[in-house]
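Whole structure, please, built from the sequences with the hints as guidance.
If you read the sequence shown in our numbering, its first letter stands for residue 1, the second for the next number, and so on.
Honestly, the hints are just simulated from the structure, not real lab data. Accuracy of the hints is not assured; some may be wrong.
[Unchecked claim] So the derived label-pair ranges between C-beta atoms look like this: (1) Pro-72 / Gln-138: 54 to 60 angstroms; (2) Ser-120 / Thr-21: 47 to 53 angstroms; (3) Ser-136 / Pro-4: 29 to 35 angstroms; (4) Asn-17 / Ser-136: 51 to 57 angstroms.
Backbone N, C-alpha and C define an ideal beta-carbon position, used for all residues, glycine too.
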Amino acid sequence: VNVPIRSVLLTRLCKFNGRDTTLLQPREFLQIAGRAGRKGFDDRGEVVAVAPDWQVANREMAEQMKRGQDAPKWRRPPRRNYKHWTRATFERLRTRPPAPLRSHFNLGMSQVLSVLTGASARGEDGMDELRRLVESSQCSWRQQRLLRRQVEAFA
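Right, here's the structure in full:
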């Protein structure tokens with residue numbers, strides 16, 4: 001959906017990754033924050049991270065206590081599905097560059113057979129198509145060299 005979004009509101013700077021809860025990585029943060037101020041719609045966008053709800057509640061209780069009112073028990077951070085973050089965490093995510101992308105492209109036998117049979121069905125040279133596939137991959141030069149050797153081994 002191509003919708004102009006001017007603001008992104010983050011209620012947590014942590015996420016569940018399938019095993020445990022971790023802080024967002026700079027790449028994940030930039031992916032989410034990049035939704036604010038879409039090109040062609042806005043010239044800028046805003047990203048806001050709110051404090052955890054238990055911290056806000058504790059601040060409100062501290063204010064009540066300053067005014068002489070009785071406050072209920074202090075709230076504690078969640079024990080599950082939570083990783084503590086601070087303003088410094090937000091600043092780190094905001095300013096740190098994302099980790100470089102690494103290609104995980106692997107040329108397996110089933111893919112080779114699929115490319116070769118598809119090319120022959122269209123009347124094209126399957127080996128040329130395999131070479132183009134390797135050349136267009138985003139692999140490092142070492143990995144591309146290894147993939148080229150694999151392709152030549154099939155010839």
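Verification of the hints:
no.	hint	verdict
1	Pro-72 / Gln-138: 54 to 60 angstroms	holds (55 angstroms)
2	Ser-120 / Thr-21: 47 to 53 angstroms	holds (50 angstroms)
3	Ser-136 / Pro-4: 29 to 35 angstroms	holds (33 angstroms)
4	Asn-17 / Ser-136: 51 to 57 angstroms	violated (31 angstroms)
Checked against the numbered hints above, the structure breaks only hint 4 and satisfies the rest.
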